[in-house]
Amino acid sequence: MAKYLLLKHYRGAPEPVNGTPMDEWTPEEVEAHIRYMGDFAAKLEASGEFVDGQALAPEGMWVRYDGEGRPPLTDGPFAETKDLIAGWMVIDVDSQERAIELAGELSAAPGAGGRPIHEWLEVRPFLAAPPTVTD
Amino acid sequence: MDAPGLRELVPQVLGVLVRRGADFATAEDAVQEALVRAISTWGERPPDDPKGWLITVAWRAFLDMARSDAARRERERRAAPEPPAPVPAVDDTLQLYFLCAHPDLSPSSAVALTLRAVGGLTTRQIAEAYLVPEATMAQRISRAKRTVAGAGFQRPGDVRTVMRVLYLIFNEGYSGDVDLAAEAIRLTRQLAAAVQEPEVHGLLALMLLHHARRHSRTRPDGAIVPLAEQDRSRWDTALIAEGVVILQAALARDRLGEYQAQAAIAALHADAPRVEETDWEQIVEWYDELLRFTDTPVVRVNRAVAVGEAHGAPAGLAALAEVDPDAPRRDAVAAHLHERNGELEVAARLYAEAAQRAPSLAEREHLVRQAARVNQVLRHGSPREHGAG
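From first to last, the protein sequence lines stand for chains A and B.
Just so we're aligned: the first sequence equals residues 0 to 134 in numbering that gives the first Met the number 0.
Just so we're aligned: the second sequence equals residues 0 to 388 in numbering that gives the first Met the number 0.
To be clear, the hints were calculated from the coordinates, so they are not data collected in a lab.
Don't take each hint at face value.
[To be verified] Derived Cβ-Cβ restraints for the label pairs, each shown as a range:
| hint | chain 1 | residue 1 | chain 2 | residue 2 | range |
| --- | --- | --- | --- | --- | --- |
| 1 | B | 270 | A | 86 | 21 to 31 Å |
| 2 | B | 178 | A | 40 | 17 to 27 Å |
| 3 | B | 355 | A | 104 | 20 to 30 Å |
| 4 | B | 231 | A | 96 | 48 to 58 Å |
| 5 | B | 355 | A | 125 | 21 to 31 Å |
| 6 | B | 360 | A | 74 | 23 to 33 Å |
| 7 | A | 96 | B | 379 | 36 to 46 Å |
| 8 | A | 121 | B | 46 | 51 to 61 Å |
| 9 | B | 317 | A | 23 | 22 to 32 Å |
| 10 | B | 230 | A | 86 | 30 to 40 Å |
| 11 | B | 131 | A | 125 | 43 to 53 Å |
| 12 | A | 67 | B | 241 | 53 to 63 Å |
[Unchecked claim] Partial list, computed: chain A residues near chain B (C-beta under 7 Å):
| hint | residue |
| --- | --- |
| 13 | 21 |
| 14 | 22 |
| 15 | 23 |
| 16 | 24 |
| 17 | 25 |
| 18 | 26 |
| 19 | 29 |
| 20 | 33 |
| 21 | 37 |
| 22 | 54 |
| 23 | 57 |
[Unchecked claim] Taking lysine to aspartate or glutamate and the DMTMM-like style, the derived pairs with C-alpha atoms no more than 25 Å apart in a straight line are:
| hint | chain 1 | residue 1 | chain 2 | residue 2 |
| --- | --- | --- | --- | --- |
| 24 | A | 2 | B | 127 |
| 25 | A | 42 | A | 121 |
| 26 | A | 81 | B | 352 |
| 27 | A | 7 | B | 362 |
| 28 | A | 42 | B | 127 |
| 29 | A | 42 | B | 362 |
| 30 | A | 7 | A | 38 |
| 31 | A | 81 | A | 38 |
| 32 | A | 2 | B | 321 |
| 33 | A | 7 | B | 133 |
| 34 | A | 7 | A | 104 |
| 35 | A | 42 | B | 220 |
| 36 | A | 2 | B | 133 |
Predicted, not measured: the structure shown is a model, and the values here were computed from it.
Glycine included, C-beta positions come from ideal geometry on N, C-alpha and C.
Make the full structure from the sequences, and use the hints.
If you want it as structure tokens, here you go:
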């Protein structure tokens, strides 16, 4: 088994095919999308492949150490930051092929006009613990 | 024996151990061990004397723990090696409430310690409820116990700190296999039976009145159903009746506080068989009372909603104009009031902005739905039912 992170971006991913903003969809299309996402997570739980799924607020901040005895420096959010993560799903699957298959399915979530959004999702393998048998 | 029955014994057993000379931190671990063993071994057939069983097992566990640690020898000597036969019939549960809500504890630590030592939940159940690893929750509880180690078990604390902890348990957290809201009600009921403080009864009434709406507050898929659109026939009338009686008795004692005021607002909603029959003017008056005790942006935002219903959307918007622009949910309420005022373009934009700032996924999805609905009206002009923000 190997764990994969499926990353969804607010910004930074290539344009999806069907990228109309959600608040411009019809209420029925919004419902259909939310139902699809819920069903997808439920299906992965049932198959024993779901680990975690979280959504992030669009606005955050940057923080760094600013020297001994000083409070941390905060800045941002920066509108020009190219990459902005919207949320993720962690899956535990048997193969990279399976991870790609599931990401493809998630990207098919319906959007405006009930057609798939074709959203680009980033798929990143976790670095695993070293195996016990090494020779 | 059902789970709440078992949980009720936990603070009593813990009190017995502490009275026998066990230190609180070790005794609490010992009771937790006895509790976990009870859950795994009792099954369908609990012992005839569940409390006695728990005391015996917890005491043995305590002695093992005390013996296993050389540094604890002194404590072991002080504690009687064999359990003294008669235990004074004192209920120490109230002392435990104060200790677990000690003002030196952070809110998350106080919540975790209260749920374990007073609530009788296992570490795993608490960890699941707050979506953290079990080891993390175990550490949080150990640290909390070290923090209160020096605090006396006998000294009464401030009941307001206890109320804040119980309110947090009621209001926040996810659902594992334990219903935190129901657990908070059980703990508040127990507290209300022990102290004559009208605010504790106000808090209990507040919880009961909100819990009465739990089945109508969300759709089966988790989507939020606003108060105005809830199916009121699904409200739990028995809980409402109980909440109202408790609230009236508290109010009659003429020592108003924030929980009684909030409960009064909840009672006025519960009293309206249809949303159109809501007594919004009286609700505004209760918000004014509430502001006297707790003047927060959140209360002011909620008050603006009531003002909008009582005196029209422009009055609501005027009330909202005085609230901190960064107040939580302010955009969502502004969107709702603008929609009621017929300014659909503004409303649609504000719903979309509010969705961006929503603090939970359910609220975000609710607000996106509102934006989509208003935008559809703008496109087609179809007269659709107005939803609440």
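Status of the hints after comparison with the structure:
1. 270(B) x 86(A): 21 to 31 Å: 41 Å, violated
2. 178(B) x 40(A): 17 to 27 Å: Roughly 22 Å apart at Cβ, these two residues keep to the hinted range, so it holds.
3. 355(B) x 104(A): 20 to 30 Å: 27 Å, holds
4. 231(B) x 96(A): 48 to 58 Å: The hint (48 to 58 Å, Cβ to Cβ) holds, given that residue 231(B) and residue 96(A) are roughly 51 Å apart.
5. 355(B) x 125(A): 21 to 31 Å: 30 Å, holds
6. 360(B) x 74(A): 23 to 33 Å: 27 Å, holds
7. 96(A) x 379(B): 36 to 46 Å: Holds, at about 45 Å.
8. 121(A) x 46(B): 51 to 61 Å: Given range 51 to 61 Å: holds, Cβ gap about 56 Å.
9. 317(B) x 23(A): 22 to 32 Å: 31 Å, holds
10. 230(B) x 86(A): 30 to 40 Å: 31 Å, holds
11. 131(B) x 125(A): 43 to 53 Å: Distance hint for residue 131(B), residue 125(A) is violated at roughly 20 Å.
12. 67(A) x 241(B): 53 to 63 Å: 58 Å, holds
13. 21: OK, holds: residue 21(A) within 7 Å of chain B, min 5 Å.
14. 22: 4 Å, holds
15. 23: Since chain B brings a Cβ to about 6 Å from residue 23(A), closer than 7 Å, the hint holds.
16. 24: 5 Å, holds
17. 25: Interface hint status for residue 25(A): holds (6 Å vs cutoff 7 Å).
18. 26: 5 Å, holds
19. 29: 5 Å, holds
20. 33: 6 Å, holds
21. 37: With Cβ-Cβ at 6 Å, under 7 Å, it holds.
22. 54: Cβ of residue 54(A) sits 5 Å from chain B, so the hint holds.
23. 57: At about 6 Å, which falls below the 7 Å cut-off, the nearest Cβ of chain B leaves the hint on residue 57(A) intact, so it holds.
24. 2(A) x 127(B): The hint holds at about 22 Å.
25. 42(A) x 121(A): 20 Å, holds
26. 81(A) x 352(B): 21 Å, holds
27. 7(A) x 362(B): 19 Å, holds
28. 42(A) x 127(B): 21 Å, holds
29. 42(A) x 362(B): 23 Å, holds
30. 7(A) x 38(A): It holds: about 17 Å lies between the C-alpha atoms, which stays within 25 Å.
31. 81(A) x 38(A): The hint is violated at about 31 Å.
32. 2(A) x 321(B): Distance ~50 Å between residue 2(A) and residue 321(B) Cα, so the pair is violated.
33. 7(A) x 133(B): 28 Å, violated
34. 7(A) x 104(A): 13 Å, holds
35. 42(A) x 220(B): 14 Å, holds
36. 2(A) x 133(B): Status holds; Cα separation ~21 Å.
Against the hints set out earlier in the document, violations occur for numbers 1, 11, 31, 32, 33.
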